[in-house]
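Model the full assembly from the supplied sequences, consistent with the hints where possible.
There are 2 protein chains.
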Amino acid sequence: MELQYGIIGPGAVGTTIAYELMRTFNSNQVHLFGKREGKVLYQQRDTKEEAVIETETLARFNDTLDVLFIAVKTHQLDRVIEQMEHVIEDDTVIILAQNGHGQIEKIDHPHVYQTVVYISGQKTDEGVVHFRDRILQLQEDEYTAELVEQLEDTRLEFQLQSHIETYIWYKLLVNLGINSVTAAGRQTASILKVPEIRNLCRNLLEEGQRIAEAAGIVLPETIVEDIMKIYAGYPDDMGTSMYYDIINGAPLEVDAIQGFIYRTGQSLELYTPYLETIYSILAASENGKINQK
Amino acid sequence: MELQYGIIGPGAVGTTIAYELMRTFNSNQVHLFGKREGKVLYQQRDTKEEAVIETETLARFNDTLDVLFIAVKTHQLDRVIEQMEHVIEDDTVIILAQNGHGQIEKIDHPHVYQTVVYISGQKTDEGVVHFRDRILQLQEDEYTAELVEQLEDTRLEFQLQSHIETYIWYKLLVNLGINSVTAAGRQTASILKVPEIRNLCRNLLEEGQRIAEAAGIVLPETIVEDIMKIYAGYPDDMGTSMYYDIINGAPLEVDAIQGFIYRTGQSLELYTPYLETIYSILAASENGKINQK
Chain X
1 MELQYGIIGP
11 GAVGTTIAYE
21 LMRTFNSNQV
31 HLFGKREGKV
41 LYQQRDTKEE
51 AVIETETLAR
61 FNDTLDVLFI
71 AVKTHQLDRV
81 IEQMEHVIED
91 DTVIILAQNG
101 HGQIEKIDHP
111 HVYQTVVYIS
121 GQKTDEGVVH
131 FRDRILQLQE
141 DEYTAELVEQ
151 LEDTRLEFQL
161 QSHIETYIWY
171 KLLVNLGINS
181 VTAAGRQTAS
191 ILKVPEIRNL
201 CRNLLEEGQR
211 IAEAAGIVLP
221 ETIVEDIMKI
231 YAGYPDDMGT
241 SMYYDIINGA
251 PLEVDAIQGF
261 IYRTGQSLEL
271 YTPYLETIYS
281 ILAASENGKI
291 NQK
Chain L
1 MELQYGIIGP
11 GAVGTTIAYE
21 LMRTFNSNQV
31 HLFGKREGKV
41 LYQQRDTKEE
51 AVIETETLAR
61 FNDTLDVLFI
71 AVKTHQLDRV
81 IEQMEHVIED
91 DTVIILAQNG
101 HGQIEKIDHP
111 HVYQTVVYIS
121 GQKTDEGVVH
131 FRDRILQLQE
141 DEYTAELVEQ
151 LEDTRLEFQL
161 QSHIETYIWY
171 KLLVNLGINS
181 VTAAGRQTAS
191 ILKVPEIRNL
201 CRNLLEEGQR
211 IAEAAGIVLP
221 ETIVEDIMKI
231 YAGYPDDMGT
241 SMYYDIINGA
251 PLEVDAIQGF
261 IYRTGQSLEL
271 YTPYLETIYS
281 ILAASENGKI
291 NQK
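Line order of the protein sequences matches chains X and L.
If you read the first sequence in full-length UniProt numbering, its first letter stands for residue 1, the second for the next number, and so on.
If you read the second sequence in full-length UniProt numbering, its first letter stands for residue 1, the second for the next number, and so on.
What the hints contain is simulated information worked out from the structure, not anything from laboratory work.
Positions of the beta carbon are idealized from the N, C-alpha and C atoms, including for glycine.
Be aware that a few hints might be false.
[What the hints assert, rightly or not] Among the chain X residues that face chain L by a calculated CB cut under 8 Å, a handful are:
#1 GLY11
#2 ILE278
#3 ASN287
Written out as structure tokens, the structure is:
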């Protein structure tokens, strides 16, 4: 029997995974699920490839899946969990391809993996544009090793890690600085020209580093400087996902990124005032929307 | 000879002062100066009074003033100082009716006073609406005592204080909490419903209190609780001046409020991370405008 692959969430990450699987497998093996049936125009800048990918709904799907990627925004996860029960079996491998951390506990299933995704793209009015990278970092074990073998003919670059927590926290910290200042300041990466903002990034990263260390995560000692160098390489007009979300009035993934780091620090009784201030300001943005309604 | 009164800045504060002086004195004694000649429609909610007040320009004014109120936004002060030289004499009394602190040093004149203004109103498209209060707190000395005597028939409520610094810092702290969270969070006072935001206000006020104390300012010991109670009484839809400025893309008075407090703390080697974060985010808003141009 042919394996069945499902991807929930037709955004940049989900559509890229679906497209790459569809290139290798039969079209009836790969299912991209959205809120409704429709089409996504998918374009890749690096390869110039274009495709129209159909979306299905979970409600009308009557099969079960061998592998399920969940690529919805973090605040949509609870709703998706309610809707996906009938497509899951005990040996389904579930891969959370989301930002942040702390969501994996929400899914009561023996084979759930948090992956750290490096797929750069953007949702547009018509569909999805993929910019670069197709990297997924996963915890190494017998299930993920088998998955990588199944998918070795695709262009998805799986990196199996013996300690995925390290990689999850590394990306959390990358997001912590730049997402916070671009969203709270409502500016693209050009905000890094302001010396006070670079200092704020560094202070946020140092607090994040202290929290990670206290939580037993082994990160490079030079992580703050390493990430500051990554930021320095960003083009001025680069927006982060959280920047685009706040500008567009969309829900922010603050609970899974800044919120997760902040709560981890609080549970370890750490004093992290820079993070606390940023978290408070960003968490309040949902209140603004409630009051507009 | 009749005394000459001038007011620079036809906003809510300046127009209210001008209107109240015009009720008591001859119209050729009171001059409201704006960027150009024009008219301001002035309305008082409490008294239902309405008036049309003419604005003059400093450039075309050939007399000198006995009393000058400066009621422009803090970032406009440098330009006003350049333009006002010819209307000032050695015994002119100059009253800075602005938010914040630290601007008085910019004016090289023997009789310059920072006043703490409690005049609530709003600039609208057509003019100015006055809501309530006409209170001006001033340092007590022979010049201000004479001024109060001159103006005793007006409805302006002058309060002469033996230590004006205390009152300046009190209002700085009132502004510090509410202006910061409404501007950084881009919401009216309804943002105070968010528990994290109330905590942030408290942390900002505690840092402000520490800075004031270290600077030798005597404030009530209960000031943090006192101000939190004031905030609790604000109606949900109340916006601060800094909130309206950031929403309208206007320059913020962050340098004279959060910036002044922060720099005072830095000069005293105090660690004030909540204030530092808020100051950094708000100070960066000018960068956003530069990059939009």
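Here is what the structure says about each hint:
1. GLY11: Violated. Min distance 26 Å.
2. ILE278: holds (6 Å)
3. ASN287: This hint holds: ASN287/X lies near chain L, its Cβ roughly 5 Å from the closest one there, short of 8 Å.
Of the numbered hints stated above, the single one contradicted by the structure is hint 1.
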